[in-house]
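Number of protein chains: 2
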Amino acid sequence: MHIDILRGTAVALPQQISDTLAQRITSGLLAPGSRLPSVRTLAASLAVSQMTVSKAYAELEKRGHIVCSQGRGCFVAESAKGQPDGSASWQAGYDDYLPRAQLWRNFDSLKVKYPFHLAAIHHELLPLAEIGRTMSRLVTEQPELMGTYGNFQGDQELREVMRTHLQARGITLPSTELMITSGTQQGIDLVARTFVGPGDTVYMEAPSYTGAIDVFAGRGAEIIPVPTDREGMRLDVLTRLCDRRKPKLIYTIPTFQNPSGVTLSMARRQRLLELARSYGCLIVEDDPFSDLYFRHSPPPPIKSLDRDGHVVYIKSFSKVIAPGCRIACVAGSGDILSRLIAAKSASDLGSPLLTQRAVLPFIARKYDVYAAGLRTALRGRMEQAAQLLKQYAPPGVSWSLPEGGLNLWLKLPPCANIGKLHTLAEAESISFLPGEVCHAGDQESRHIRLCYSQMEEAEMLQGLRRFMELLDSYLRSLQC
Amino acid sequence: MHIDILRGTAVALPQQISDTLAQRITSGLLAPGSRLPSVRTLAASLAVSQMTVSKAYAELEKRGHIVCSQGRGCFVAESAKGQPDGSASWQAGYDDYLPRAQLWRNFDSLKVKYPFHLAAIHHELLPLAEIGRTMSRLVTEQPELMGTYGNFQGDQELREVMRTHLQARGITLPSTELMITSGTQQGIDLVARTFVGPGDTVYMEAPSYTGAIDVFAGRGAEIIPVPTDREGMRLDVLTRLCDRRKPKLIYTIPTFQNPSGVTLSMARRQRLLELARSYGCLIVEDDPFSDLYFRHSPPPPIKSLDRDGHVVYIKSFSKVIAPGCRIACVAGSGDILSRLIAAKSASDLGSPLLTQRAVLPFIARKYDVYAAGLRTALRGRMEQAAQLLKQYAPPGVSWSLPEGGLNLWLKLPPCANIGKLHTLAEAESISFLPGEVCHAGDQESRHIRLCYSQMEEAEMLQGLRRFMELLDSYLRSLQC
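As they're listed, the protein sequences go chains R and E. My numbering puts the first residue of the first sequence at 1, with every later residue one more than the last. My numbering puts the first residue of the second sequence at 481, with every later residue one more than the last.
Hints may be right or wrong, so weigh each one.
Stated by the list, open to error - Covered stretches of chain E (in silico footprint by chain R; criterion: 3 or more residues with CB under 8 Å from a CB of chain R, positions within the stretch not fixed):
id	stretch
1	620-628
2	660-670
3	878-888
None of these hints come from the bench; they were simulated from the model. Note that CB positions come from ideal geometry on N, CA and C, so glycine has one too.
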């Protein structure tokens with residue numbers, strides 16, 4: 001069992017151990033009936049005292065997560081979820097390298113009526129009929145597209161279309177400096193597996209995209225959070241931090257940041273790039289939302305300023321046109337890109353050719369007009385959601401209006417227990433993203449993230465109103 | 481720059497370093513004009529003497545790969561391939577964790593006339609028109625399939641179909657114990673990132689699937705090769721090896737092994753499972769070919785014998801019905817599977833729903849009849865290829881007839897230099913897989929792998945004949 005122990009934090013060691021185990025148990029990663037390692041074994045493997053592990057187990061037993069008996073050891077408590085089988089006896093002790101066991105990861109979005117947790121765009125707003133027609137034509141006229149592996153770097157024609165697309169956004173480079181990945185998540189994963197290893201320092205905004213945190217943590221990186229203000233990542237803080245620990249990589253979502261919504265100012269974009277140059281490190285610029293602005297178009301991407309290949313820029317087309325096609329574009333240069341292409345080959349032998357060709361004509365010819373319409377539609381929804389919040393959000397709940405993107409980032413009063421709220425909401429078939437999963441480590445968070453674009457509009461407004469009512473009655477019950 | 485140094489092998493340290501760098505340069509992972517780290521820096525980072533690095537650089541300069549000048553340092557030699565830019569100055573020194581720099585990985589299969597290196601089935605033999613019709617219907621009738629994320633574990637209906645499919649092959653389990661991945665490569669990658677870390681011991685057949693070697697090596701595993709004989713992996717040897725180093729994981733392709741073609745006997749399947757039970761370790765059973773037998777159906781999968789969840793079974797549907805749909809099925813149980821699902825979410829947020837639904841009706845209703853026809857067709861090709869080899873293969877070249885699968889595994893005489901042969905073949909637009917990439921570490925190999933099913937039949941026979949003629953004239957030129 002792999003448990004990250006953080007020494008020198010405010011959280012006592014027994015609690016760190018019991019919290020991690022409790023999370024694994026409630027998320028189903030440790031099955032009912034599984035035998036936990038003995039106190040002696042776990043203490044040895046974590047290099048802590050047996051007393052520490054005993055305290056952690058006692059706490060878990062008190063909370064009903066495990067059952068211990070003299071001589072037999074401790075077992076995950078049975079629940080209605082399932083019965084133990086032969087596998088339980090050895091699997092719980094089989095070490096893994098999973099970074100965190102997140103409740104929301106096991107969340108099946110199809111089963112929730114109001115899935116506010118997932119940052120996505122409702123399918124009615126997406127150009128799926130159009131892309132479907134292209135796909136239908138392709139499979140009829142060129143069925144062999146489904147029968148061949150593409151090249152690892154991505155379809156040459158699509159890369160050419162992406163080149164033109166990026167050029168219109170200030171990024172000028174040849175299509176040989178582009179790679180197609182299965183969504184942004186894979187792009188981040190490829191960078192991490194190629195360039196980040198145990199002990200390497202990765203800086204990122206706090207809070208940040210939970211999928212990126214997972215990936216870097218999974219590589220054993222030392223993730224150092226950098227606070228943000230209205231202009232985005234605090235470069236003054238980052239500069240001081242880098243003095244102490246040289247950066248291997250800086251991960252940023254500079255535009256309509258996920259989850260906070262803030263945008264990195266132009267001056268800071270330049271300074272960030274200078275910092276990367278001076279340290280000879282990479283910036284991963286994750287850009288899912290820059291086309292989804294509500295009033296002003298955001299500053300140009302950091303990549304547009306990059307002369308020496310310090311920026312790996314990842315632009316998602318997944319969220320914005322067809323999540324099911326899983327297409328993102330990665331821009332990099334020189335050896336950095338060649339090594340990413342090698343990693344892509346080991347990861348999945350290249351993205352499917354069919355989906356690449358299916359989105360190609362749309363991106364080439366209709367994307368810009370579509371994006372303009374989408375911006376209007378999203379702004380309308382966001383404003384309706386904000387209006388409703390203004391009317392129904394309980395006192396003590398605050399937020400700022402986003403300038404783009406898909407999310408609202410709400411701050412709850414200090415007395416609210418977000419885990420408890422999550423359980424209450426789940427019972428009403430409402431989901432949200434707890435802010436704590438947007439932080440590396442076990443930092444507490446008073447925030448939650450709600451996506452206003454994932455449902456049909458009336459449904460979203462209904463769900464949001466219900467959630468605010470639930471939040472109101474929960475906060476009242478606390479009398480805070 | 482990360483270079484794996486193997487101490488205590490027959491290969492001298494300077495040569496290990498120069499070989500790795502040469503491979504990176506010829507494969508394009510180190511671009512022309514890139515500055516190499518200074519002798520002092522590289523020596524320090526590899527913990528070798530400066531003399532060792534100096535020798536390696538001298539060798540590289542002699543071979544024309546780099547150019548060194550007093551005071552300025554060493555640079556990758558310019559070639560026709562490209563010009564250096566600003567990126568070259570720092571990128572070469574930016575550390576990565578790529579396991580190997582493989583020439584063939586950068587191979588663009590679309591540009592080769594006779595791509596014998598790629599184990600695949602020619603699209604004329606695949607049911608692409610059928611799957612295309614389903615896909616066309618789906619995108620017309622349910623375009624929202626392209627607009628939603630599926631669940632991380634894979635589509636419930638497809639898992640139900642897979643359950644029935646596996647049951648007919650001796651594997652009985654509920655669909656909750658199945659997961660859908662983007663091809664076998666991703667399945668192996670998920671197991672590796674979840675359960676294999678630096679220093680963990682992974683046993684596998686030698687030779688084995690190069691994509692699996694890359695993935696385990698990329699996790700920092702200690703890969704220990706196990707020799708094979710006619711009954712597959714030598715369990716007697718494996719048992720002795722496990723005494724010395726406890727296995728974390730055993731990776732095997734028991735049926736029509738890639739690349740050697742051998743099949744693990746039933747008795748050994750049982751013994752392998754017992755071994756895994758006694759060590760509390762996982763077996764990854766990679767099964768791309770068991771439906772592609774020529775005479776007798778092979779022994780049942782190891783997974784069919786598994787009672788306690790020691791086997792993660794990966795069945796590819798990619799190769800056999802539609803590589804472009806990238807569908808494989810992973811069977812596991814208990815905590816092992818839950819942890820793999822968590823890793824899948826961090827890897828790509830789940831496989832696309834559309835491609836899962838597109839293959840579903842075919843697998844449910846037509847797969848078995850199709851597979852019978854495919855076996856006949858493949859056997860016909862294999863026999864024709866074998867006939868041609870018999871007629872044209874030069875003396876000293878040997879092979880055994882495969883009982884199933886897609887590959888021929890040829891052994892060349894000791895005097896042949898396979899790297900040289902590869903270059904000669906490339907000039908004739910013929911590619912093959914050099915045996916050495918099927919070995920972890922830098923083991924020499926006298927084998928090459930040829931796939932007989934990737935091209936249209938007449939084309940394949942023509943290419944094979946040309947290749948044999950080329951091989952013949954090459955061997956004659958050596959006078960060996």
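Hints and how they fare:
no.: 1; hint: 620-628; result: holds (count 7)
no.: 2; hint: 660-670; result: holds (count 5)
no.: 3; hint: 878-888; result: violated (count 0)
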